[in-house]
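Colleague: Spelled out from the first residue to the last, the chains are:
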Amino acid sequence: MNFANMTDYHHFPIYAIMVLFLGAFIIAASGGKPSKNPNNPAGFRAWIALIATAASLCFLIALIRPVMLGGEVIAYWMGSRGISGGYAIGIALEVDALSLFFALLIATAVFVSAVYSIRYMVHDDCVPQYYVLYCLLAGGVLGLVLSGDIFNMFVMVEILTFAAVALTAFRTKVYGALEAAFKYLVVGCMGSTAILTGVIMLYAQYHTLNLAQLASLIPGTMNNATKLAFAFLYIGFSTKAFIVPFHPLAADAHGAAPASISVLISGVLTKSGIYGIMRLTYFLFQTMGLGRMQFMLVFIGSVSMFVCVTMALAQHDFKRLLAYHSISQIGYVLAAYHAMNHTLFKGLLFLAAGAVLHETGTTDLGKLGGLSKKMPHTTVLFLIGAFSISGVPPFNGFASKWMIYQASYQKAVDTGNIGFLLVTVIALVTSTLTLASFVKVSQSVFFGQLPKEYENVKEVPFGMRLAMGILAALCVVTGLFPKSVTALLTEPAAKAAANVGSYITSMGFKTSLPAVEVSFVEAGVWEPINWLLILCIALLAVTIVAVAGKYDRVSETTSENVETKYQLFYGGEENVYSQVGGGDLFWGFKHNWRHYFDFMHKLHSGVVNDYALWAVVALALAIVYMMIAL
Amino acid sequence: MFKNLIAESTAKSPWLFHINSGSCNGCDIELVAVLTPRYDVERLGFKLAGSPRQADIVVVTGPVTKLSLDRVLRTIDQVPDPKCVVTMGSCPQSGNVFKGSYSVCAPLSKYVHVDVDIAGCAPKPEAIIDGLAKATEILKTKRGQM
Amino acid sequence: MTASIFLNGLQYLGYILIFPGFLFCFLCGMLLTGIDRKLVARMQKRVGPPILQPFYDFFKLCGKETIVPAAASRTTFLMAPLVGLAALVVIQLFIPIRGFSAFSGMADIIVILYLLLIPALAAILGAAASGSPYAGVGLSREMVTIIACELPLVLVLLAIAKTVGNAMGTGLCFSLSEIARYQVENGSLITKLSMIPAAVAFAMVIPGETGSHPFDTAEAETEICEGMHAEYSGAPLAVFKLSHAVKVLTMTSLFVALFFGGVGTGITAIDGVIVFALCVVATALFISFVHAVTARLKIEQVFKYYWTVVSGLALISLVLAWYGL
Chain A
166 MNFANMTDYH HFPIYAIMVL FLGAFIIAAS GGKPSKNPNN PAGFRAWIAL
216 IATAASLCFL IALIRPVMLG GEVIAYWMGS RGISGGYAIG IALEVDALSL
266 FFALLIATAV FVSAVYSIRY MVHDDCVPQY YVLYCLLAGG VLGLVLSGDI
316 FNMFVMVEIL TFAAVALTAF RTKVYGALEA AFKYLVVGCM GSTAILTGVI
366 MLYAQYHTLN LAQLASLIPG TMNNATKLAF AFLYIGFSTK AFIVPFHPLA
416 ADAHGAAPAS ISVLISGVLT KSGIYGIMRL TYFLFQTMGL GRMQFMLVFI
466 GSVSMFVCVT MALAQHDFKR LLAYHSISQI GYVLAAYHAM NHTLFKGLLF
516 LAAGAVLHET GTTDLGKLGG LSKKMPHTTV LFLIGAFSIS GVPPFNGFAS
566 KWMIYQASYQ KAVDTGNIGF LLVTVIALVT STLTLASFVK VSQSVFFGQL
616 PKEYENVKEV PFGMRLAMGI LAALCVVTGL FPKSVTALLT EPAAKAAANV
666 GSYITSMGFK TSLPAVEVSF VEAGVWEPIN WLLILCIALL AVTIVAVAGK
716 YDRVSETTSE NVETKYQLFY GGEENVYSQV GGGDLFWGFK HNWRHYFDFM
766 HKLHSGVVND YALWAVVALA LAIVYMMIAL
Chain B
456 MFKNLIAEST AKSPWLFHIN SGSCNGCDIE LVAVLTPRYD VERLGFKLAG
506 SPRQADIVVV TGPVTKLSLD RVLRTIDQVP DPKCVVTMGS CPQSGNVFKG
556 SYSVCAPLSK YVHVDVDIAG CAPKPEAIID GLAKATEILK TKRGQM
Chain C
63 MTASIFLNGL QYLGYILIFP GFLFCFLCGM LLTGIDRKLV ARMQKRVGPP
113 ILQPFYDFFK LCGKETIVPA AASRTTFLMA PLVGLAALVV IQLFIPIRGF
163 SAFSGMADII VILYLLLIPA LAAILGAAAS GSPYAGVGLS REMVTIIACE
213 LPLVLVLLAI AKTVGNAMGT GLCFSLSEIA RYQVENGSLI TKLSMIPAAV
263 AFAMVIPGET GSHPFDTAEA ETEICEGMHA EYSGAPLAVF KLSHAVKVLT
313 MTSLFVALFF GGVGTGITAI DGVIVFALCV VATALFISFV HAVTARLKIE
363 QVFKYYWTVV SGLALISLVL AWYGL
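Protein chains in written order, with the numbering used here: chain A, 166 to 795; chain B, 456 to 601; chain C, 63 to 387.
Simulated from the structure, these hints should not be mistaken for lab results. Treat each hint with caution, since some may be false.
[What the hints assert, rightly or not] Mimicking PhoX-like on lysine-lysine, the simulated pairs with C-alpha atoms at most 25 angstroms apart in a straight line are:
#	chain 1	residue 1	chain 2	residue 2
1	A	Lys539	A	Lys660
2	B	Lys554	B	Lys458
3	A	Lys730	A	Lys539
4	A	Lys201	A	Lys338
5	A	Lys338	A	Lys623
6	B	Lys458	B	Lys521
7	A	Lys532	A	Lys623
8	B	Lys595	B	Lys554
9	C	Lys360	A	Lys755
10	A	Lys532	A	Lys338
11	A	Lys715	B	Lys579
12	A	Lys201	A	Lys623
13	B	Lys589	B	Lys565
14	A	Lys730	B	Lys554
15	A	Lys660	A	Lys648
16	B	Lys589	B	Lys458
17	A	Lys767	A	Lys755
18	B	Lys554	B	Lys521
19	A	Lys532	A	Lys648
20	A	Lys730	B	Lys595
21	A	Lys623	A	Lys539
22	C	Lys107	B	Lys579
23	A	Lys730	B	Lys521
24	B	Lys589	B	Lys579
25	A	Lys715	A	Lys730
26	B	Lys458	B	Lys579
27	B	Lys595	A	Lys715
28	B	Lys597	A	Lys730
29	A	Lys715	B	Lys589
30	A	Lys755	C	Lys366
Isolated chain A (complex conformation) (with noise of 0.2 angstroms):
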């Protein structure tokens, strides 16, 4: 490594880290009064955290060349301090696909956030303390799945979990977001602190906290004290992945955050609980039965997606519908790699509620409707998001999803196990019941009869719709290409998490695990580009024909007072306010699963202390899983 010269590349990891970090320092030291522009309360600060947020970006884009397709680890040693006498000193960052596929879409999510944020923000009081939490958290998640040391992992879980529990807060006005910051205050520090028990318990026995080197001495030296480590780890990294049994709290969270900090929750934070459990059962325990440890990940994995699609349908709630679909998607992301498109979608949807909440004030589905009118691209940004995670052609969550269902099914035929069968299915189903949800939403929300106070609603500014549509352009390409995406992203992250040898010798260690070659074979086929190439000739004669057919010869009013003839048919009444939507859009369905939504409703009392029961005894039944299966 050539220290003097600080544009080699072997720095961008840090740099993409500290920039945040400057970030959050320069605006916190520039105090706390907001500027007099109303279209931008937090003055410079705002674009300081944007430039903080871009330069990071630009730093991990930079990286891809080296790392996803050269295949190099980046090993950096801070302080140049190394190893010595064999066992590691320093603090190491190690950068290797499976880091760098998780830090680029964190960064990209951070940005898109970022500049929605100025323009988003701007009713809200003390924003430059907003922009300070915002770098932290940036930052945090950055250090986190850049960290090569799982010491510095634990210390970065915790600055991201307290800049989101005070961003959770952060709008106190709103109702239950002190409630909703406490309950993950309160979990997510018995989340940390299980974190930090499995951490010291690995450093008691190996007297490393370096990744690497635990990756090259646990195998081997398996005993009950590293399970039970590993069960304190897993259920630590739950907590901040919100799946199952957690995700009551991500509800919350997500109800009380603003948008802006909801795209973070959903789209940063819990991949970075996701990235610590992979980093975990691929890299460090990966000898220890891990089949086993799959077929775990994905049997929780298709539990959280059930238990949350089914939960969404019962919300009335725009954003807690978003919240609670953000962990399902969880579930498909424990099953496989769509945690990249996740992102994306996810990011766009809560930005989506955003502009919703800024323009009409509410988030109750039972009070909106008709949105499409005054906000027609907000609408079809929605519409992008809504057709993405719920895996409709040509979109991005159809690519994703439709691999782990092969995936998934091969796997249940290889190796005989029914229960990737039973995963196969429930994710097919689970896609239609996002559907149904998504349909719920855009009638309640954007179709349907607009309300008389929403009346004088407006499209929102230029800036968020920009944020939206960076997201909605990267679902499409991403939906459109994913063969490219898989070679480019997926595939070397894919990779790197199956080929620990050279994640550990990269480091400088030693170790007697053998390369792995991974290679991906499809049993089906999907070609996204001539597909749409396909339905855009069709569309185009059809409208061809349609047009030439004087199709667009409609009646229609513009008068205030609109004549009977363009009211719309009441059995003949007068025309009032009648939106069909709101909660319990899907009764039909509902009405067959009451006896389970009324034990879910049970179940999911709202109170702390319940859920901190809840995550007791999870970590008591993972404890045992370890101590039985492996």
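Given the structure of chain A, go ahead and fit chains B and C onto it with the hints provided.
Modeller: Below, chains B and C alone, put in the same frame as chain A:
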């Protein structure tokens, strides 16, 4: 060519929307009777539509009570052109035995242009079919004039 | 070189526009619904409409005024039917006719499953955009019907993938053209024991997917004024009616392609006729006959029926396929 095709099709596929404006239900039963196997107007392409937006012929039964007048007129207004209004039974034409009542607004033709009147209390199915057939002819002419 | 590209392009354009694309879908779909209406009438001892009745309906609607209600979102309201129709025709392009298929190498059965959502989604969004409360109730029911049909369809398709994969030695086979090829070489899938319950389950899904009796809760004209189409009139309604007809064709020909793919001669023109004849039989059995003898179910009954009886059948098939029968 298409104009002819559409005009021909209009005559062959008239969809009915049925409004009861306070009828005693006699005519309504008779209207349904012509859809049954014995008379089967579907062989002529007739179909009951569920919404006025999809209808070609509006069939009004009953003496058009004060309460229903507003609704009847609004519904007829919501039918897209070309359309045909058919009154069925004596009530919407004259008020029949309810004539003179404070709550009856018949005849319907005072308020809206009526194309075909089918007389009878209740009209025979043959008469109904005859009236509807006349209505389809009017429909075709109206389509030709569009 | 350029000439051959031009000819190729022309050929594909022909596939999209004529056979098995638009023209074919338009004629055969309409004909199928015409036959369906005639058959239902005959089963009820009526004379029934002429077989060409759907064409008359279509052209009549094209000549009617199109009213856009003041409460509707204009663009979505008018675009939804067109998108739905185009998406349906594209699905038809992927369904093989014995060995022949216009664009088989582009989508597998799971993709087809999801492509089938697009027309339904277009109808739902169009209904939502109309602003009518009747349409709101209708779309809610339509969505529940989709969820109801999804589970049995998924199970059936997984069973087929496993059965064909087993027989071909690859473990799994999702590709439609591979499934068609396998059937051409080894006889129709219906001859396999594990596929019989799957075929029955798929047949039961057809009326649900096409929204015909007794699963037409979403378009119940007597209770919710045609539901999703309550505010549609004129040409957009005509396109919806055409979409419905094409969907009947799509579902029945998918049924034929999946379970009777081995029937035929090898000459595409004759096979097309044979497949269409089989489609007519499938329509007669699973749509017309069921329509004639049943009354409309309530939406929660629809859901229950699909997730218990039909899914049970599909599950039996999957279990049999799993054990290689």
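Colleague: Each hint: holds or not?
Modeller: Each hint tested on the structure:
{"no.": "1", "hint": "A:Lys539 - A:Lys660", "verdict": "violated (47 angstroms)"}
{"no.": "2", "hint": "B:Lys554 - B:Lys458", "verdict": "violated (44 angstroms)"}
{"no.": "3", "hint": "A:Lys730 - A:Lys539", "verdict": "holds (23 angstroms)"}
{"no.": "4", "hint": "A:Lys201 - A:Lys338", "verdict": "holds (22 angstroms)"}
{"no.": "5", "hint": "A:Lys338 - A:Lys623", "verdict": "holds (24 angstroms)"}
{"no.": "6", "hint": "B:Lys458 - B:Lys521", "verdict": "violated (41 angstroms)"}
{"no.": "7", "hint": "A:Lys532 - A:Lys623", "verdict": "holds (17 angstroms)"}
{"no.": "8", "hint": "B:Lys595 - B:Lys554", "verdict": "violated (34 angstroms)"}
{"no.": "9", "hint": "C:Lys360 - A:Lys755", "verdict": "holds (14 angstroms)"}
{"no.": "10", "hint": "A:Lys532 - A:Lys338", "verdict": "holds (20 angstroms)"}
{"no.": "11", "hint": "A:Lys715 - B:Lys579", "verdict": "violated (41 angstroms)"}
{"no.": "12", "hint": "A:Lys201 - A:Lys623", "verdict": "holds (24 angstroms)"}
{"no.": "13", "hint": "B:Lys589 - B:Lys565", "verdict": "holds (21 angstroms)"}
{"no.": "14", "hint": "A:Lys730 - B:Lys554", "verdict": "violated (30 angstroms)"}
{"no.": "15", "hint": "A:Lys660 - A:Lys648", "verdict": "holds (15 angstroms)"}
{"no.": "16", "hint": "B:Lys589 - B:Lys458", "verdict": "holds (21 angstroms)"}
{"no.": "17", "hint": "A:Lys767 - A:Lys755", "verdict": "holds (16 angstroms)"}
{"no.": "18", "hint": "B:Lys554 - B:Lys521", "verdict": "holds (13 angstroms)"}
{"no.": "19", "hint": "A:Lys532 - A:Lys648", "verdict": "violated (42 angstroms)"}
{"no.": "20", "hint": "A:Lys730 - B:Lys595", "verdict": "holds (22 angstroms)"}
{"no.": "21", "hint": "A:Lys623 - A:Lys539", "verdict": "holds (6 angstroms)"}
{"no.": "22", "hint": "C:Lys107 - B:Lys579", "verdict": "holds (21 angstroms)"}
{"no.": "23", "hint": "A:Lys730 - B:Lys521", "verdict": "holds (20 angstroms)"}
{"no.": "24", "hint": "B:Lys589 - B:Lys579", "verdict": "holds (15 angstroms)"}
{"no.": "25", "hint": "A:Lys715 - A:Lys730", "verdict": "holds (21 angstroms)"}
{"no.": "26", "hint": "B:Lys458 - B:Lys579", "verdict": "violated (35 angstroms)"}
{"no.": "27", "hint": "B:Lys595 - A:Lys715", "verdict": "holds (20 angstroms)"}
{"no.": "28", "hint": "B:Lys597 - A:Lys730", "verdict": "holds (19 angstroms)"}
{"no.": "29", "hint": "A:Lys715 - B:Lys589", "verdict": "violated (29 angstroms)"}
{"no.": "30", "hint": "A:Lys755 - C:Lys366", "verdict": "holds (11 angstroms)"}
Checked against the numbered hints listed earlier, the structure breaks hints 1, 2, 6, 8, 11, 14, 19, 26 and 29; every other hint is satisfied.
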